[in-house]
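> Sequence:
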Amino acid sequence: MRRGFSLLELLVALVLLEVGVLATVGMLFLAQQNFRRADLTLRGVLESQWIADSLAFSGSGGSGSLNYPWGGVFWAPTSDPIGGILVTASSQGRADTTAWAFAPERAAFPPLSWPDSSTGPREP
56 MRRGFSLLEL
66 LVALVLLEVG
76 VLATVGMLFL
86 AQQNFRRADL
96 TLRGVLESQW
106 IADSLAFSGS
116 GGSGSLNYPW
126 GGVFWAPTSD
136 PIGGILVTAS
146 SQGRADTTAW
156 AFAPERAAFP
166 PLSWPDSSTG
176 PREP
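According to our numbering, numbering within the sequence shown proceeds without interruption in unit steps and concludes at 179.
The set of hints was computed from the structure by calculation and includes no laboratory data. For each residue, glycine too, the CB sits at the ideal point set by N, CA and C. Among the hints, erroneous ones may be present.
Here are the in silico distance ranges between beta carbons for each label pair [stated by the list, open to error]:
#  : residue 1 : residue 2 : range
1  : F60       : Q88       : 51 to 61 angstroms
2  : W105      : V80       : 30 to 40 angstroms
3  : S113      : Q147      : 24 to 34 angstroms
4  : L71       : A131      : 51 to 61 angstroms
5  : G81       : R58       : 47 to 57 angstroms
6  : D135      : T79       : 44 to 54 angstroms
7  : V100      : L62       : 53 to 63 angstroms
8  : V67       : W105      : 55 to 65 angstroms
9  : G114      : V76       : 51 to 61 angstroms
10 : L65       : G127      : 16 to 26 angstroms
From just these sequences and the hints, can you work out the full model?
Written out as structure tokens, the structure is:
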């Protein structure tokens, strides 16, 4: 009876190890791409919501755009009967839409019945 591994067994083990290492590297690359995409989506959502809120609060009704290093934010009036402004954000490299927000024509904020903190609650 011989002890140890044959050359063929060692080659099979090394091939399996190589496949595992390559799969791990591939998953790390895919995770990096997903983190980048999530960062672009988060930036797009925050900027488009911020612009939609600003447009709704100010009552502006025009179209426009802003460019950022990560992409751009564009807004224009909608053509549906509800009205309002549609704000979209797109990434620079892929030129696809990462987020959108809707700004109604008339904003319901700031709230009209907001209590003043300096005087306390209002009496009915």
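> Now tell me if each hint is right for this structure.
Going through the hints against the structure:
A hinted range of 51 to 61 angstroms for the beta carbons of F60 and Q88 is inconsistent with their spacing of about 39 angstroms. Evaluation of the 30 to 40 angstroms hint for W105 and V80 yields a pass: the beta carbon distance comes to about 38 angstroms. In this structure the hint that S113 and Q147 lie 24 to 34 angstroms apart at CB holds, the actual value being about 27 angstroms. Evaluation of the 51 to 61 angstroms hint for L71 and A131 yields a pass: the beta carbon distance comes to about 56 angstroms.
Evaluation of the 47 to 57 angstroms hint for G81 and R58 yields a failure: the beta carbon distance comes to about 37 angstroms. Roughly 49 angstroms separates the CB atoms of D135 and T79, a value that falls within the hinted 44 to 54 angstroms. V100 and L62 have their C-beta atoms about 57 angstroms apart, which keeps the hinted 53 to 63 angstroms range intact. Roughly 57 angstroms separates the CB atoms of V67 and W105, a value that falls within the hinted 55 to 65 angstroms.
Our hint of 51 to 61 angstroms for G114 and V76 holds, since their Cβ atoms are close to 59 angstroms apart. At about 56 angstroms, the beta-carbon gap between L65 and G127 misses the expected band of 16 to 26 angstroms.
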